[in-house]
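Number of protein chains: 2
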Amino acid sequence: MVELYHHFIYEGVLFQMIKNATIDKQVTHKTIRAFKDQTLTEEQLTTLIEVASHTSSSMFMQQFSILHITDEQKRMSIRQISGQKYVGTNGDLFIFVVDLHRNQSIRHQLGKDDGRLHQTDIFLQGVEDTVLAVQNMVNAAESMGLGAVILGSVNNNPKALLEVLRLPKMTFPILGLQVGIADQKPQLKPRLPLDAIFFENDYHEINVSDLKEYDEIVQTYYDLRDSNRRIDSFTKQVSSKKLGAKKTLRDELLEVLYNQGLCLK
Amino acid sequence: MVELYHHFIYEGVLFQMIKNATIDKQVTHKTIRAFKDQTLTEEQLTTLIEVASHTSSSMFMQQFSILHITDEQKRMSIRQISGQKYVGTNGDLFIFVVDLHRNQSIRHQLGKDDGRLHQTDIFLQGVEDTVLAVQNMVNAAESMGLGAVILGSVNNNPKALLEVLRLPKMTFPILGLQVGIADQKPQLKPRLPLDAIFFENDYHEINVSDLKEYDEIVQTYYDLRDSNRRIDSFTKQVSSKKLGAKKTLRDELLEVLYNQGLCLK
Numbered sequence: 001m002v003e004l005y006h007h008f009i010y011e012g013v014l015f016q017m018i019k020n021a022t023i024d025k026q027v028t029h030k031t032i033r034a035f036k037d038q039t040l041t042e043e044q045l046t047t048l049i050e051v052a053s054h055t056s057s058s059m060f061m062q063q064f065s066i067l068h069i070t071d072e073q074k075r076m077s078i079r080q081i082s083g084q085k086y087v088g089t090n091g092d093l094f095i096f097v098v099d100l101h102r103n104q105s106i107r108h109q110l111g112k113d114d115g116r117l118h119q120t121d122i123f124l125q126g127v128e129d130t131v132l133a134v135q136n137m138v139n140a141a142e143s144m145g146l147g148a149v150i151l152g153s154v155n156n157n158p159k160a161l162l163e164v165l166r167l168p169k170m171t172f173p174i175l176g177l178q179v180g181i182a183d184q185k186p187q188l189k190p191r192l193p194l195d196a197i198f199f200e201n202d203y204h205e206i207n208v209s210d211l212k213e214y215d216e217i218v219q220t221y222y223d224l225r226d227s228n229r230r231i232d233s234f235t236k237q238v239s240s241k242k243l244g245a246k247k248t249l250r251d252e253l254l255e256v257l258y259n260q261g262l263c264l265k
Numbered sequence: 001m002v003e004l005y006h007h008f009i010y011e012g013v014l015f016q017m018i019k020n021a022t023i024d025k026q027v028t029h030k031t032i033r034a035f036k037d038q039t040l041t042e043e044q045l046t047t048l049i050e051v052a053s054h055t056s057s058s059m060f061m062q063q064f065s066i067l068h069i070t071d072e073q074k075r076m077s078i079r080q081i082s083g084q085k086y087v088g089t090n091g092d093l094f095i096f097v098v099d100l101h102r103n104q105s106i107r108h109q110l111g112k113d114d115g116r117l118h119q120t121d122i123f124l125q126g127v128e129d130t131v132l133a134v135q136n137m138v139n140a141a142e143s144m145g146l147g148a149v150i151l152g153s154v155n156n157n158p159k160a161l162l163e164v165l166r167l168p169k170m171t172f173p174i175l176g177l178q179v180g181i182a183d184q185k186p187q188l189k190p191r192l193p194l195d196a197i198f199f200e201n202d203y204h205e206i207n208v209s210d211l212k213e214y215d216e217i218v219q220t221y222y223d224l225r226d227s228n229r230r231i232d233s234f235t236k237q238v239s240s241k242k243l244g245a246k247k248t249l250r251d252e253l254l255e256v257l258y259n260q261g262l263c264l265k
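Heads up: the sequence lines are chains W and S, in that order. Residue numbers are given in the UniProt record's numbering: position 182 of the first sequence equals residue 182, and the series is strictly consecutive. Residue numbers are given in the UniProt record's numbering: position 97 of the second sequence equals residue 97, and the series is strictly consecutive.
So here's chain W without its partners, still in its complex pose (with noise of 0.2 Å):
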């Protein structure tokens, strides 16, 4: 079922690779956007959070928290602001969300100011809690045979998130979670070659001619968004529009921290 790969190559080297049950999963990660009409058991959901909440923290602060939305009318709104029609409808949604206000409240609730949560060096570690957690998840998830998608996109309208959360000051969601039975099988998309993202004590610039032959494996990639279609290479897609300059409600997203009281100074 699951396809192994026990060796790769790096700089010309071939190389074995360790082989268990978790890096299995991990090297064959395919991100799934189909599931089946069902949610998840009571022992795998809170499997997963009980994962999540022993995710490592910055200086033992816990700054996230997780909201599972089961509410229809949220799950549609999620769902229109994320423009992704997958987003809320079968599998369980979750998501993560930045939580300096829980610290805060319990300071105050002990006498004490609001210290350094408006940094950027604290939200920076919220965000680095909450992502990390995310992933410990995912791992969790996959390792249970369920699949699993991270969702940047129910931040394509920052604002509009919040309000449907109604979430207070101090809090930011950063990233939904949609997890459940696997309902497509996707082909594993080829990664940048490991001399390109890992370097020894110094970085090393790029040449697009270096990437030729990655840019030539992921066009044989198929995208089950749209099954009809081998996608771009890696380089052009870098260089459209994915990265262009363009007007969208995600440039919203630092006034959106700003109102929060996040990220201030």
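No lab work stands behind these hints: they were computed from the structure. Check each hint, because a few of them may be wrong.
Pairs count within a copy or across copies, as identical chains cannot be separated in the list.
Unchecked claim - With a straight-line Cα cutoff of 30 Å, these simulated DSS-like cross-link-like pairs (lysine-lysine) come out:
no., residue 1, residue 2
1, K19, K30
2, K189, K236
3, K246, K169
4, K189, K112
5, K212, K85
6, K242, K112
7, K112, K212
8, K169, K212
9, K236, K265
10, K85, K246
11, K112, K236
12, K246, K265
13, K19, K159
14, K212, K159
15, K112, K247
Given the structure of chain W, go ahead and fit chain S onto it with the hints provided.
What follows is chain S alone, placed relative to chain W:
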């Protein structure tokens, strides 16, 4: 060897947990800060990097790089910046870099402008790509029986870190990760009760009184960094100097991001 936790209590109800090799490691995760004097094998090292490369990535833009710091001078400098004596001693040291420079360079080589790369939107996507990869690598390391510590402390002096690493603009070294063979056996650090971090649809405020039992549990935990002393309760730590107002070089993080061309608007 590994303690197993197959059940837990949430809102007064006992839940069974799913059990497999991945999850067993995740729910018994302990940060390791003392390593044996032994570096990773080539097989371990390349497996870890291969796993990191397969992490989910925003819009497939793969906006992170990993520096493997083996240069003794650099390891010492990073140890001094972090202020932690175990940093860059035993074990392998990695710096995870939010890397918008690679795609900027690709765009320039293909005759394109910077597009959205200076937006907070794209910076946050790069942060997400990078931090997801950190946790993926932690899980892979732990699955091999290795120990790991995620190092936020590498940014205790963000300007000095950039200088040591000689990184170009449009990059930001967000976290360190040290991996090796554990030379200590810490206790499992108790996490916030699930009903404090996990909500159905609507965010809930927390009362310090709800954390009384948790506060007591936390005080039973011995921190190996000072094994003679129990640690403070959670709410006491939150209301302490950890988050308290003070001047530190970490206040320069936002300025460093701006100087790097990141998160400008």
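How the hints compare with the structure:
1. K19 - K30: both (18 Å within a copy, 22 Å between copies)
2. K189 - K236: within (16 Å within a copy, 46 Å between copies)
3. K246 - K169: Answer is both: 29 Å inside a copy and 22 Å across each meet the 30 Å cutoff.
4. K189 - K112: The answer is between: 25 Å across copies meets 30 Å, while 49 Å in one copy does not.
5. K212 - K85: neither (34 Å within a copy, 43 Å between copies)
6. K242 - K112: Only across copies: K242 and K112 sit 12 Å apart there, 44 Å inside one copy, limit 30 Å.
7. K112 - K212: Close across copies (18 Å), not inside one copy (57 Å); limit 30 Å.
8. K169 - K212: between (47 Å within a copy, 25 Å between copies)
9. K236 - K265: between (36 Å within a copy, 25 Å between copies)
10. K85 - K246: Within one copy only: 23 Å inside, 47 Å across.
11. K112 - K236: For K112 and K236, the Cα distance is within 30 Å only across copies (11 Å; inside one copy 52 Å).
12. K246 - K265: Answer is both: 27 Å inside a copy and 13 Å across each meet the 30 Å cutoff.
13. K19 - K159: neither (44 Å within a copy, 39 Å between copies)
14. K212 - K159: neither (40 Å within a copy, 35 Å between copies)
15. K112 - K247: between (41 Å within a copy, 17 Å between copies)
When held up to the earlier numbered hints, the structure conflicts with 5, 13, 14 and fits the remainder.
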